[in-house]
Amino acid sequence: MRARGLPRGRALDPGALREVEDLLAGTSRDGDQLLEHLHLLQDRLGHLPARHLRALATWMRLPMAAVFETATFYAHFDFVDDDESPPPALTLRVCSSLSCQLAGADALGRELARGVDPARVRVMTAPCMGRCQEAPVVQAGRRHVGRATPARVQDVVESGRFDPEPIDWPRFAAYRSAGGYRVLEDLRAGRVTVEALAAELEAAGLRGLGGAGFPTHRKWRLVRAEPAPRYVVINADEGEPGTFKDRHYLERAPHQCLEGALVSAEAVGAAAIYVYLRDEYPGLHRVLREAIAEIETAGLAPSGFIFLRRGAGAYICGEESALIESLEGKPGKPRHRPPYVAERGLFGRPTLVNNVETAYWIPEIHRRGGEWFARQGRRGRKGLRSFSVSGRVSHPGVHVAPAGITLRELVDEYCGGMADGHELLGYLPGGASGGILPASLADLPLDFGTLEPHGCFIGSAGIIVLSTADELRAALVNLVAFFSDESCGQCTPCRIGTEKMLALLARETWDAEQLARLAQVMADASICGLGQAAPNPVLASLRYFRGRLAAEGVRVVGQDSAT
Amino acid sequence: MSAPLPPEAFELSLDGRSVVARAGETLWQVARRHGETIPHLCLRDAPGYRADGNCRACMVEIEGEKALAASCIREARPGMVVRSTSSERACRARADVVTLLLADQPPRTAAPDRSSSFWHTVEALGLDGDAARRGLPRREQGAVRRDDSHPAMHVDLGACIQCGLCVRACREVQVNDVIGLAHRGARSQVVFDFDDPMGESTCVGCGECVQACPTGALMPAGLVDATGRGDSAATDRQVHSVCPYCGVGCQLTYHVKDDRIVDVTGRNGPSNLGRLCVKGRFGLDYLGHPARLTRPLVRGPGVPKALDPDFDPARPLTHFREASWEEALDRAASGLRTLRDEHGPAALAGFGSAKCSNEEAWLFQKLVRTGFGSNNVDHCTRLCHASSVAALMECIGSGAVTASFMQVLQADVAILVGCNPAVNHPVAATFFKQAAKRGTKLIVLDPRGQALGDYAYRMVRFTPGADVALLDALLNVIVTEGLHDAEFIARHTEGFEALARHLRTTTPEAMAPLCGVPPEEIRDIARTYATAERAMIFWGMGISQHVHGTDNARCLVSLALATGHVGRPGTGLHPLRGQNNVQGASDAGLIPMVLPDYHPVGNALYRAAFEELWGARLDPEPGLTVVEVMHAIHAGTVRGMYILGENPAMSDPDVDRTRAALARLEHLVVQDLFVTETAQLADVILPASAWPEKDGTATNTNRQVQMGRAAVPLPGDARPDWWIIQEIARRFGLAWNYAHPRDVFAEMQQGMDSLANLSWQRIDRDDSVTYPSLAADAPGEDVVFADRFPTASGKARFSPVLPLPPDEPVDDAYPLVLITGRQLEHWHTGAMTRRTRVLDALEPEAVASLAPGELARLGIAPGGRVRIATRRGRVELAARADPLMREGMVFVPFCYAEAPANRLTNPSLDPFGKIPEFKYAACRVEPAGGSDLV
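Chains A and B are the protein sequences, given in the same order.
94 is the number of the first residue of the first sequence in the numbering used here; add one for each residue after it.
28 is the number of the first residue of the second sequence in the numbering used here; add one for each residue after it.
No wet-lab data here; the hints were simulated from the structure.
There's no promise every hint is true.
[To be verified] Straight-line alpha carbon distances no greater than 20 Å define the calculated SDA-like cross-link-like pairs of lysine to any residue that follow: (1) B:K93 x A:F307; (2) A:K423 x B:R465; (3) B:K93 x A:P308; (4) B:K93 x A:R442; (5) B:K93 x A:G622; (6) A:K423 x B:R214; (7) A:K423 x B:G212; (8) A:K423 x B:Q216; (9) B:K464 x A:A159; (10) B:K464 x A:R442; (11) B:K93 x A:G306.
[Stated by the list, open to error] In silico contact screen, one side only, chain A against chain B (beta carbon under 8 Å); selected entries: (12) R97; (13) E162; (14) S178; (15) S252; (16) G582; (17) P586; (18) K593; (19) Q625.
[Said to hold, decoys possible] Where chain A lies over chain B, by a calculated footprint (3+ residues, C-beta under 8 Å): (20) 71-85; (21) 903-917.
Since the structure is predicted, the reported quantities are computational estimates derived from the model, not experimental observations.
We treat Cβ as the ideally placed atom computed from N, Cα and C, and that holds for glycine.
Model the full structure from these sequences, guided by the hints.
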């Protein structure tokens, strides 16, 4: 061996450093900006060349390893080493969520791959894009194609228009003239106290609508009691397959959601608001950017009070502590609780994390009264729920319905019944995580806490309706493959458990005991809800659908003692 | 009736019994204290390792909670009801988690470490690897996951369980920031930088990751065979000791097999907390190098004294012949004795070694003083911190550090000037980096950039040699802006008014052109340091190795005194000492002007005390220093020398002249491990002991006296240094009769107040004791001078200075500044490190570092060969393009015999410390032709 002509490790390319400096001129070098900076590079260059990341590490004074960890964790970043060729200019992402699979996404993806020049276009699958009511969905560049067919996608490819589809949204003036931002001003002027407002939310029974269902007023009180500085984070990382209600509210009422966020910030005395928007909603990025600018222009919030941040393709970042890690520029790996994010969240400070829809309801409840909201439920349940319904129904979409409604009622009253020619086999009450219930349990009230005795939960109320024409086994494989792809990899039971479960489902004979035991360690020992809930569809199937599985040719042996 | 609980303690229920927990303890720790070690893989129960709770092997059940909890990361709370072994659910989760991991592991017989903690856990849980692999589908193993690109460490990611301990080791414990856990889910993978082969990454080889890895996925390369199988437990014994390399003094454990050190692990010593660097962990095989001296040698008849380029140290019999110890000792001693008898005591001089023990240093200076009859005894402190010690003695009455480097963790601000700890004190650097990550503002001042710059509040690359200009400007700001600590100055110092007057002209504006630092930056640094609640100053040879080295250090003392940043936790002055025992060797009196504990030889009172202790007359005249001895040889005054473990033929400035001097000696005795460049000029060579072959204490930079223990036998006929010194002494008629170093230490305690309350037994028991220690059962003082300084008045003294130019400024003929120093991988003159497999593989060849722009201007490609010339000589070596270098300078390490940097250096001395100006020589760099592009 002879002397090295350069210091240890990858050499810094001065040209790449200059490009990085130019591109990021005027931006912060703080580590929490890493995702934002990676986005700028990926947007500009179409991928992340190693030499630019080397330069970025130097520019941000971050370890190369830290940059690489984040760049390779998120699906929307394409790290390309010096000796690798960059991806084609255009990427077609075929949504692989269960709803899209039911609508023929697999065949669509195969056909698309056959029809394109791989040097110009790459075709890949991607998790739920939150447009399940128009399944199957394909994303061409940053433009979504609903009810996609090869021909429709080809039209878009040829049009060369890959920017997000435009969204027509109510602007500040319109929202304002309809009484918007009054709660915020009332609160600031002291016409309404935080306590009164919290009491109103308590009376309404408003709970965290991201899926956990924690009472909003209690979260406020917890965070308020912690020392300043405190932060508010709005979780717009809606990623639960089959869920698209947050997109619905952000497209139709961005200012109402932001008012809810500002009110929350006022309530807990926050130093700043961070809105974490999933990267699968590129059109909304512009909506929110403009809406925030309108708020600043109107003087309702100073510049630099509301930060809009982009996710980068990671389901796990919908988990609040993973989301916070991501906001800090790191891979989205959930934190251990305790401490709860209300005590130590963003930048180690007390943080109120609220789902978009939760924020949306806050001004509404103040306007119409907590009583009004609470009155809406059926079967003794309180409030309204925004059901994202997809799958085999006539009118899929977001349906705002009383809490406690049953699946059968929801389908019949709101969705125009089952889709033509389809008969109910079962339904997923809470996206991929919430398990699967059979048609025989279509009369259960849908709400927090009502489905748990049956091994399921409502979560974000993403309802996917299955029909007897659907293959259950394929659905299970789809769901477990999703969890395996999206596991952050931090803890053993989830990282390896999801992978092994997928491999076990590929076997001809299913050993129920083995599956149940694996499910048990995942549920018992995973750090966060992803790993804990990942076996739910499999457990539910062993419990409710053994006959169906047998009919599909799956031999199930053994007792699943865990259920 | 239960006993009262200690404060901040509470009770909880563990497996049905009530146990006491302390605030902040985790459930795992509570269980451990009560006798149960809950299975764990990703937890490393060692200082600095945060629990991460990811492997889930330590689950417990907590009443009222739905899921199980990881006991390693869950804090105990009063009244918790916890079930560990009594929870079937928890026990099953533990077993199932490990089974999941087991399914993808290689069989134990094929594992990179069949004695890893992973396999111990598998065993403890009663799991069967084969059954696990049968029951669960095995992951498709992709391409080969082994990586043997690093000479010291073997990587086999097939055995990795993604527990992240290596990431914490690399990023949080050592803060070397190389390892990451990339990708996600089942594709999660340990990576180096951008998934580079370890050997091509920025890895600095500290080996913390292999020490932390619970599976052997990361293993010392020496412990696995060619097929990648290994066993960390295949050793005969373990010996606890301290590292032989730098002044940090890391405690370590040698793992010995067949009387060979096959592995080294860090131990929880006060200055290293279990950490080591590449040298300490992977650099100890020089003991068994084929060139190791195992028999005494005497110069062959008629062999001329010169460095023969064809001489091979592994085959010395071309120039020397073997001799018995009796003959060699007689020749060695009689040659010296004759010169003394014929020409008087001034004809002899001795260089001791900062690499040997305190006891050996003591014996060596005692031999010179009582046997040779003069104070002509010195050692390499003369080349490193003599000027710092001169300034410290003059200003505060003590030459040692006022606070340990661990105090940086309590400092708000730390100035690091003229030092590069990531290279020269790597484990101390981990403390600096950790402090920076916790919020301590590091201000790094140096002509060269460095790794710590990435963690610094400010990294200032100032003009070489302009230290005083920069430091005086800082002092000017502190005084003119009233940032000084008037109360501290009044109570504890003298001479501030003179300092203030003196500094009137050294404004930032006036000094900026000299030091190349903008005035506003100077002001910010001064304000940041002065207004901090607690601030420290660390420095190295960038300060001391100048003709104005003492002035540089005086400025640093003035900064600390003016701001009152001394004597409190998180404050102080800390010259980072170089050699493992340079502090101890200096304390023990290996210095020509002072007796042990720095008592001037001219002081009749102290002289009398030592005369009584040693039963001999002592010379009241100071002796000659290292470089002065060389002059005296040329002048014909010094005719014979005894050199123990020093290599002046490589380490001294203007080395051609030094070599000529050594060759001129009528009698030269060299005691060393190898035939060094110095030994090649000897008449008699005595085969000595390496550090792991003998017992003895060493004192590190933090004033910690630590126990070194023999781990392996001496090779061949080599002998402990203390034994050899004693044999020479006996041949000088001295009636010495030390049976073991502990006897020597007992005598040292009689002569040195600094060692009060530090008995050999105590050091042996505690491994490390800090001096001063005020009682036999009181811990030593980590921070000193809280009340008074050890001066006659009890006050410290300001010593104002003005900037002086370097001795040899650059000019048109020699336009670049040459700076010499060390590399991470190589120690001093390379005698040891270039004979270790790993270190030699990592830095195999002489290399000069220049700024990429400078190299481009010279038309030299990275890796190309350059010729560097000064007024004293020239060398040829490979060039490295280093972005951390400033243009206008070149850096050359002095460890390479094939391109000795000290052929180039300037022997001019600092008038007070007598230290040469290694950090500034005017030079010329040009292409040498031929390319070594790698």
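Right, here's what the structure says about each hint:
1. For the suggested pair K93 of chain B and F307 of chain A, the alpha carbons sit about 16 Å apart, so the restraint of at most 20 Å is met.
2. As the CA atoms of K423 of chain A and R465 of chain B are separated by approximately 18 Å, the hinted pair is consistent with the 20 Å bound.
3. Proposed proximity of K93 of chain B and P308 of chain A is supported: the alpha carbons are some 19 Å apart, at most 20 Å.
4. Proximity of K93 of chain B to R442 of chain A is assessed by CA-CA distance (about 27 Å); at most 20 Å being required, the pair is judged violated.
5. Annotation: proposed proximity of K93 of chain B to G622 of chain A holds, straight-line Cα distance about 12 Å (limit 20 Å).
6. Our distance criterion of 20 Å between C-alpha atoms is met by K423 of chain A and R214 of chain B, whose separation comes to about 17 Å.
7. Distance restraint check for K423 of chain A and G212 of chain B: the Cα-Cα separation of roughly 15 Å lies within the 20 Å cut-off, and the hinted pair is therefore satisfied.
8. The hinted pair formed by K423 of chain A and Q216 of chain B meets the criterion: a straight-line CA distance of about 16 Å does not exceed 20 Å.
9. Under the criterion of a C-alpha separation no larger than 20 Å, the hint pairing K464 of chain B with A159 of chain A is consistent with the structure, at around 15 Å.
10. Between K464 of chain B and R442 of chain A the alpha-carbon distance is near 17 Å, which keeps this suggested pair within the 20 Å criterion.
11. Restraint check: the Cα-Cα separation between K93 of chain B and G306 of chain A comes to about 16 Å, which is no more than 20 Å; the hinted pair holds.
12. The restraint placing R97 of chain A at the interface with chain B holds, with a minimum CB-CB distance near 6 Å, inside the 8 Å limit.
13. Given hint, E162 of chain A at the interface with chain B, holds; its Cβ is 4 Å from that chain's nearest Cβ, closer than 8 Å.
14. A hinted interface residue such as S178 of chain A counts as satisfied when its beta carbon comes closer than 8 Å to some beta carbon of chain B; here the least separation is about 17 Å, so the hint is violated.
15. Against a cut-off of 8 Å between C-beta atoms, the interface hint on S252 of chain A is violated, since the closest Cβ of chain B lies about 34 Å away.
16. The criterion of a C-beta within 8 Å of any C-beta in chain B is met by G582 of chain A, whose closest approach is roughly 3 Å, and the hint holds.
17. Interface restraint check for P586 of chain A: the shortest CB-CB distance to chain B comes to about 6 Å, inside 8 Å, so the restraint holds.
18. Because the closest C-beta pair between K593 of chain A and chain B is about 5 Å apart, less than 8 Å, the hint holds.
19. Because the closest C-beta pair between Q625 of chain A and chain B is about 6 Å apart, less than 8 Å, the hint holds.
20. Closer than 8 Å: that is the beta-carbon criterion, and the segment 71-85 of chain B has 5 residues meeting it against chain A, so the requirement of 3 holds.
21. Residues of the segment 903-917 of chain B lying with their CB closer than 8 Å to a CB of chain A number 8, which satisfies the three-residue condition for coverage.
Hint check: violations occur at hints 4, 14 and 15; the rest are consistent with the structure.
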